[in-house]
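J.: In the order they appear, the protein sequences are chains A and B.
First residue of the first sequence: 526, per this note's numbering; consecutive thereafter.
First residue of the second sequence: 564, per this note's numbering; consecutive thereafter.
What the hints contain is simulated information worked out from the structure, not anything from laboratory work.
Ideal placement from N, C-alpha and C gives every residue a C-beta, glycine not left out.
Treat the hints with care, since some could be wrong.
[To be verified] The list that follows gives simulated cross-link-like pairs (lysine to any residue, SDA-like), each with its CA atoms no further than 25 Å apart:
(1) A/Lys597 / B/Leu855
(2) A/Lys661 / A/Arg711
(3) A/Lys597 / B/Asn863
[As the list claims (entries may be wrong)] On the chain A side, residues computed to face chain B include the following (Cβ under 10 Å):
(4) Pro600
(5) Gly633
(6) Ser635
(7) Tyr659
(8) Leu663
(9) Asp687
(10) Leu724
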Amino acid sequence: MIEFRNVYKTYDNGTKALRDFSLRINEGEFVFIVGSSGSGKSTLLKLLMREELPSSGEIIVAGRRLSTLRHKDLPFYRRTMGIVFQDFRLIPNMTVFDNVAFAMRVIGMSSKAVRKKVPYVLGLVGLNEKARCYPKELSGGEQQRVGLARALINNPALIIADEPTGNVDPRMSFEIVDMLNEINRRGTTVLMVTHEHSLVKKFHRRIIEIQNGELVADSGPEVDYYA
Amino acid sequence: MLSSTKYLIREGFRNLWTNRLMSFASMGVLICCLLLMGSAALVSVNISSAMGWLGDQNAVMVFLGDDVTAELSDSVKTQIEAVGNIKTIEFVSREDAFASIMSKLSDDASMVDALSDTAEFLPNAYKVTFDDLSRFEVTVDQIKQIEKIQHVSDKRDFVKRLNGINKVVSVVGLWIVGMLFVVSLFIITNTIKLTMYVRKLEIGIMKSVGATDWFIRLPFLVEGIIIGLFSGIVSFGLVTYVYLTASSAVTSTFTIGIVPYSSFWWIVLLGFLFTGMFAGSSGSLISIRKYLKNDGGISND
Ligand SMILES: Nc1ncnc2c1ncn2[C@@H]1O[C@H](COP(=O)(O)OP(=O)(O)O)[C@@H](O)[C@H]1O
Ligand SMILES: [Mg+2]
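Sequences are here, hints too, so could you generate the full structure?
T.: Next comes the structure, spelled out in structure tokens:
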């Protein structure tokens, strides 16, 4: 589903964030991406979201060469993925319901669809009672569950999460990853960047390690946790 | 589509309210500029109209030769009318002219005595006014070509000066309106830009979930149009009030002047609404352009 072929990324200021990076991820996989700060993990995700273009090499997602996407194709490409951020990125003056509904409304979904779908997804992340709350009234873990609901709302085939537990206390962190795990079990491919080794150890999933922009370790096919 | 439209309009109003301080600042600036523009335009319209009125007061006298009979004078009239640019043409017989002179001199009895019975020395004439004063010279020259015309009273210097003033007023008026428009666009753009800091987050989220550029733009556009429409209506109200008050004051003091508001209020209204909407929406689109141009802005601001 996702393929990186000899990808190099050098930023305008000369920083070499990725070097000769090659990787294949199949549909339905759950992949942890680990590595120290500044190793290039976020760069990898930005290339996937087509926020940045590689300096050389090729990235192919669901048969699409990202380098051939035009500016006007980007919205439609991005609708195939859900993005979860470390800092939640919730709109402060919107309720939980509206924050999730926002993602549907801005791609032109009808209010009927919004009324049907939002409660369902809020139910999945266990936040139906908090629908009328504002982000500042929620704990970090709850805010991230809103972020997760928003990422899920448009049925993406891929979830990209950049340190989703970075601002969440450890007990809640486990819960968030467990939810991602559950989402993956229903067929969605999940890519999660983290540097919390304790978390990674609890879930027997594929682990990719990056150092200085290079892929240094790949656990290979995942350990089938549910078998 | 209908629910999208409803959403976009609601979102425009929500943005207006969220950034109400900036919205009011934009409206204030736009109203000031519209008022100045409107005043410049109205003053210019009134000066033009006053010029036209002064021009009418300066009819040209076309004096006919002594040998022109009544029948011949009709044909001369037709020829003058054929020149074009003629607004009015009125026959002034030598008797009328004589009576007019006598009445002006009536205070001076000795002059009246001396001049009596000289009516036959005065020529018959046509009193002619023109539609377009800027073509005064050409028209006068063409009339001079007509046979049987003895002389045309020629006030080109005066007319030239009138035309000059008229041109200056229009050009200066246009410049003022144009400059004010640019100034208001600049200020609105910067006012909206100030609110962009807050909205970067929203724009980033919209991009991340795959909103198209137009979907991101439209609430901003709605917002700009609302600011423009509101400013236009307020400016129209203020200008109408001031114009009506001023014109009733002026007309009760002087006999001339002031173009009646009823004849062009709708032009003022449309002008204000259109200019306001144009400034508001251009301001919005200019401020958001930078944020849509790049593909990034999703994971960090
Ligand atoms: N927009 C950018 N411009 C220049 N350098 C950047 C930019 N983004 C990241 N970098 C640099 O690229 C390297 C990798 O960064 P990043 O991918 O964010 O690492 P990680 O997410 O693993 O911490 C770092 O040295 C970082 O400073
Ligand atoms: Mg990072």
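J.: Would you check whether A/Gly633 satisfies its interface hint, that is, whether its CB is within less than 10 Å of any CB in chain B?
T.: holds (5 Å)
J.: Should the interface hint for A/Leu724 be scored as holding, given a Cβ-Cβ cut-off of 10 Å against chain B?
T.: violated (21 Å)
J.: Closer than 10 Å between Cβ atoms is the bar; does A/Ser635 clear it against chain B? Give me holds or violated.
T.: holds (5 Å)
J.: Verify the interface restraint on A/Asp687: the C-beta must sit less than 10 Å from at least one C-beta of chain B.
T.: With a closest approach of 7 Å, the A/Asp687 hint holds.
J.: Verify the interface restraint on A/Leu663: the C-beta must sit less than 10 Å from at least one C-beta of chain B.
T.: For A/Leu663, the interface hint is violated, since the closest Cβ of chain B sits about 17 Å away, which is over 10 Å.
J.: Would you check the hint for A/Lys661 and A/Arg711, treating anything up to 25 Å between C-alpha atoms as holding?
T.: Violated. A/Lys661 to A/Arg711 sits at ~31 Å, over the 25 Å cutoff.
J.: Report holds or violated for the interface hint on A/Tyr659, using the least CB-CB distance to chain B and a cut-off of 10 Å.
T.: violated (14 Å)
J.: Given the proposed pairing of A/Lys597 with B/Leu855, does the C-alpha separation stay at or below 25 Å?
T.: holds (11 Å)
J.: Mind checking the alpha carbons of A/Lys597 and B/Asn863 for me, to see if they're no more than 25 Å apart?
T.: holds (21 Å)
J.: Classify the hint on A/Pro600 as holds or violated, based on whether any CB of chain B lies nearer than 10 Å to its CB.
T.: holds (4 Å)
Hints 2, 7, 8, 10, counting from the list given before, are not met by this structure.
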